[in-house]
Amino acid sequence: MIPSTLAYTKASSIDEAVAAVAAGAVPLSGGQSLMPMMRLRLAAPEAIVDLGGIPELVGICEDENEIAVGAMTIHREVAASELIRAHAGLVADAAAGIGSPQVRNRGTIGGSLGHADPHSDMPATLIAAGASVLVRGPNGERRILVEDLITTYLTTTLEPGEIITQVRIPKGDDHSAYAKFHRRAIDWTIVGVAICIGDDGVRAAATGVADRPVRLSAFEEVLNGGGSLDDAIARIAEGVEPHAGLDGSVEYKKHLLGVLARQAHAEASSR
Amino acid sequence: MAVDYTTQTTGGIGDAVLRKEDRKFVTGEGRYVDDLKLPGMLHAAFVRSSFGHARITSIDATAALALPGVHAVLTHATLPVETGVLSASNPGGDVRHPEQAILAKEFARYVGEPVAMVIADDRYLARDGADLVHVEYDPLPVVVDAEQALEPGAPLVHAEYDSNLVKTLEHVTDGFDDAMAKASKVIKLRVDNQRLTPSAMETRGCIGDWQEATGEVTLYTSTQVAHFVRTFVSIVCGTSEAKVRVVTPDVGGGFGAKLNTYREEFAVCAASHVVGRPVKWIEDRTEAGVATIHGRAQVQYYEAGVTDEGRIVALKFDAVQNNGAYNMLLTPSISHLTLFMVPGLYDIQDISIRIRQTFTNTTPTDAYRGAGRPEATHGIERLMDAIADDLGIDAVEIRRRNFIQPDQFPYSSATGLVYDSGEYEMNLDKALELSDYAGFAARRAESEANGKYRGIGLSTYVEVCGLAPSAVTAALGIGAPGWEHSTVRLHPTGKATVITGTSPHGQGHATSWSQITQTELGIPFEDVEVIHGDTAFQPYGLGTYGSRSLAVGGIALYRSLGKVREKARELAAHLLECSMDDLEWTGSSWQVKGSPDRAKTIQELAYAGWTSASLPEGLEPVLEATTFHDPPNFTFPSGTHVCEVEIDPDTGRVEVLNYTAVDDCGNVINPLIVDGQVHGGVIQGLGQALFEETVYSEDGQMLTPTLVEYLVPSAADVPPMTLARTVTPSPSNPLGVKGIGEAGTIGASAAIVNAAVDALSGLGVRHIEMPMQPARIWNVIQEATS
Amino acid sequence: MTMGQTITVTVNGTVHTAEVEHRTLLVHFLREQLNMTGTHIGCDTSTCGCCTVHLDGDAVLSCSTLAVQCDGREVRTVEGLQAADGSLHPIQQAFHENHGLQCGFCTPGMMMAALGIIEQQPNATDDEIRAALEGNLCRCTGYQNIVASIRAAADQMARS
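Residue numbers (my numbering), protein chains in the order written: chain A, 1 to 271; chain B, 1001 to 1786; chain C, 2001 to 2160.
With the rest of the complex left out, here is chain A (with noise of 0.2 Å):
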């Protein structure tokens, strides 16, 4: 299949990018997502803004509490991060799992939290790591959690003409791990498992089981207030909905987040 006909401009700044986003232009990322839904005419943009050529976009750097990765850093890079490795185990675990060799070398961080598939990895993780965006839009930047970004399919609370510049890490000392389940190894994530045990407690996400990742409150309500992993398992479905299709059942998609979130908590706290 082929895209249709749409108007590609290149961005030399953030400042260029955000006007064309204003102007109504979709960014184009690493395109891993958007490229096969353009060729599938699931989408069909008139304008697209490559975020492709804009420098400050891409890197991994730290400051004293977090550390910073520019949208545009490829999962390839993620998951080799040494830095982000040592503080975000998780993360890195995340990248290292994302499609193939081949999307891993061109899908971004960035592109991957602003296209808001509720079966990707990225963002769960990026949940249970307390990490935040940064975002331009035409009223200068701000800061949103990466829980609060994703609302349901597809969908962020970014607004008109905002982009995603950065992604905020905390650090700490890397207590943290991320399991998924999939059918075959290129496939989707059906349920995916995010842990972070850090000094003020364990955090937990999951994806595949919502219309957005979605933060495990129950489950980390029982293990922070002592509880054990088997009662907190046991609650760790509630609140979620997942919807059943060809990888599964409700049922089982529900099972499989206990069976990861012992998975995901056994390799968190061996770390």
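Just so you know, nobody snuck in bad clues.
List time: in silico DMTMM-like cross-link candidates among lysine to aspartate or glutamate, alpha-carbon distance up to 25 Å:
(1) B:1024 / C:2155
(2) A:171 / A:147
(3) B:1452 / C:2128
(4) B:1563 / B:1620
(5) A:254 / B:1783
(6) B:1593 / B:1581
What follows is a set of in silico ranges between Cβ atoms, one per label pair, in the way DEER data are often shown:
(7) A:4 / C:2127: 38 to 46 Å
(8) A:62 / C:2121: 26 to 34 Å
(9) A:243 / B:1441: 36 to 44 Å
(10) A:226 / C:2121: 42 to 50 Å
(11) C:2127 / B:1178: 51 to 59 Å
(12) B:1078 / A:96: 53 to 61 Å
(13) A:4 / B:1213: 37 to 45 Å
(14) C:2010 / A:4: 26 to 34 Å
(15) C:2010 / A:201: 51 to 59 Å
(16) A:238 / B:1655: 25 to 33 Å
(17) C:2005 / A:24: 14 to 22 Å
Derived by calculation from the structure, the hints in this document are not laboratory data. Think of the CB as a built atom: it goes at the ideal place given N, C-alpha and C, for glycine as much as any other residue.
Position chains B and C relative to chain A; hints supplied.
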């Protein structure tokens, strides 16, 4: 004649010669149909039905035609060729065969049925134009399930018939009722052999080029059967076959899906006639999910009458085959191949078979790797395990007790076939040894200690290939023969051209045919060029499918080589001034017996035959011969596959830990190619067992159109395997060959499912349907333990 | 209305300047405009890997990359694997010697993916090779000989 491989070391029969086809493919110089560009060529895109069943009330192409670059929009009403004359086999003679218009005529009967065709400057504009064609549909009731389609009151796919029944195939032996009555026990099993999408990596595609001045039509198409396509194109275009040329460029896999005559192949020819320029169409993968045939889709009910010792004395098989919305080239005959192989390699002489074929509002089904035989093998091999389980007999032992024995060959089966040769226990014993079947209990205990279920499964199979004796194809109502053509032509330089009617698309015929030529005629491997897949070169070729190429086409070649050799002998006798009886063949020359100095090499004779300076009386110039070989019988490869799996009860994932395949395909021309066929075949069977299923919603929507939903496994999803061979040469042909293209697929699925059922047998699980995706296995475990 | 621009792309060392539509996919630019048909299209969904090429040294899918995105960049395709003297690249030679191809359709993408794997993980085990091939489908070979081919090519490239 048995072939002694050990004497051949340099490119002859039996050698693992590297393929001569490879270089163009590894350098990117393969030429597939999408790589061809003709001057002035336009591009087509199809508008396809988005409804499973609907009346087409209007088609408005105004907006599409207004798009710059769009040349034409064709519909049934404006297509300037014969329509509705498409092909189908007719087993038994009373198959319902509804008209299948090239573009839908009034009704659309499945999602993806072509409704209109847009011709534009390039493929981008053609797709844009197709999106602008506005079709109004009046939706009609839909039926997608084959069993539901047979129920009274089911929606009718074709209103001109009083039911959705296409045809009932029946075969009951005289003694069946008595035998079943005497059985000490009857064991029943229902098996659903799910619908599959063949998924060759190259989708279909074609270019039609209708030359107005001459009336010649050239069709470039990705097909396994160029000559069948030519015959039907000539009928559709209302012209002589002599005016139609079908060219098969490199073909990127077929697996039966390109063993057909498709509407798009006719449509591009017709479109070329309309626009006066060549027209290309290349199928999108998403389009392939609905526009190219599907495979399998057969629900089976088994009843086995058994003795206390586990001997099957009577077997009842009642199945429903989902034909889809129309019959394609061989659709009605695919389940006839199932019928043939219902008893498998077991000595079961009393049998009752009924197969009801139905229309449904789905893409038509037809041949997919194995074509009717995997269905039979999977079913009987699942049944054998069910019997073993029921009677408390070991799965190996139950098979030994029922195998046809070596001294029973040639063996007349209850379904009317004559099995040529085989030694089934030899396959079994070798597979058991290689898979360390005896050591399985310890491995199971190890898995259990890790909280996993481990199982081992067997599949012992025989298949029928070498399609087909023409008397049999006639009896099957196929309306076409089963022979194959070859021509061998020696050039003045002593090099050879081999023209074959087979149509390889990955099978390496250029290599294997060269090997046969070297061994039989002494022309070096590298001096042989093999031509195939262009109707301009062959009188007729039946093509490549049904594991027939070597057993039929290879024998046609062998016989042509023998004719050339004999002609060379006559010439040599003349030139050496001796009698033909005084000559002996050295492998590459004719020499006077015992006198190596009095000899003529085949190259010398090729030159002498061409110059014709001195020919014996009555001998025509040039060493060339043609053969049309009609096989006297099918061939019957067999084998045993053993699979070991581990199941994670937490997720339901089935992991294949070990896979062993022992196959008997008779004598082997090139072991490298044979192993490659088994590797690929097994993984397609594994795909069916673990991953793949083509799914429709109840309202006829296709839920698995792309490779995202339809799970073709990657290297990361499949195990390495261990292969071995046994050899019982086929007595039906002089090379003793059988065929290997489909064996792996036929053997694999049951071995894997049997292993999974074995793993869960402790929970009381007796059967699992395919594909055994994790969610299904988890459900099976939940149901078994709740 | 079609919109486009002129791009300059270096493909296998040769600089090409051409007018492309904005929506033109890199794979169609290579195949239709440059007549380099070795790179194939096997799906619409970034699943099959048939269209794999290297962009500035990384294995990418040319069916999910726009040609305009490659302006000023370097592309390497299967046609750029063999040496100037016509000798085969070790990966090409290994696929031939290990019967790593049958119909040949997935082969260019498979080899370009293999090149990426060997560059990233020169000592990859068979299991790691399989894992890294998750985005390349082959329907003929069952992958066994493809894995063997890549293993052999990696060994050869490590030696030379």
